Amino acid sequence: MFSFRDFKQSYQKFWLGYISFKERTNRKDYWLAMLGHGVLTLCLLILA
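My numbering runs 392 ahead of the 1-based position in the sequence shown.
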């Protein structure tokens with residue numbers, strides 16, 4: 393499947409691609425970043 397390293401690299405690639413308009417993130421990197429955002433949001437909602 394994927395490891396934490398893949399998740400971390402995908403998340404970094406997503407945000408670095410956000411700044412650079414010459415490169416595009418692929419589908420896997422985009423959805424792993426969205427998954428990370430969703431998990432973080434869910435954790436913050438539970439704590440609030």
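Treat each hint with caution, since some may be false.
Below 25 angstroms or equal to it, Euclidean Cα-Cα: the simulated BS3-like pairs (lysine-lysine) are [unchecked claim]: (1) LYS420 / LYS405; (2) LYS420 / LYS400; (3) LYS400 / LYS414.
Derived CB-CB ranges, DEER-like [claimed, not checked]: (4) ILE438 / GLU415: 29 to 37 angstroms; (5) LYS414 / ILE438: 16 to 24 angstroms; (6) LEU408 / ALA440: 26 to 34 angstroms; (7) LEU439 / ARG419: 24 to 32 angstroms.
Keep in mind that the hints were calculated from the coordinates and are not lab data.
In this text, all values refer to a predicted model and were calculated from it rather than measured experimentally.
We put the beta carbon where it would ideally sit given N, CA and C, even for glycine.
Verification of the hints:
A C-alpha spacing of about 11 angstroms is found between LYS420 and LYS405, which places the hinted pair at or below 25 angstroms, so the restraint holds. At most 25 angstroms may separate the alpha-carbon atoms for a hinted pair to count; LYS420 and LYS400 meet this at roughly 12 angstroms. With a C-alpha separation of about 21 angstroms, the suggested pair LYS400 and LYS414 falls inside the 25 angstroms cut-off, and the hint holds. Range check, ILE438 to GLU415: about 35 angstroms between beta-carbon atoms, so the 29 to 37 angstroms window is met.
Against the hinted window of 16 to 24 angstroms, the Cβ-Cβ separation of LYS414 and ILE438 comes to about 39 angstroms, which falls outside the hint. For LEU408 and ALA440, the Cβ-Cβ distance of about 30 angstroms falls inside the hinted range of 26 to 34 angstroms, so the restraint holds. Distance hint check: the CB atoms of LEU439 and ARG419 are about 31 angstroms apart, consistent with the given range 24 to 32 angstroms.
The structure fails to meet hint 5 from the earlier list, while all remaining hints are met.
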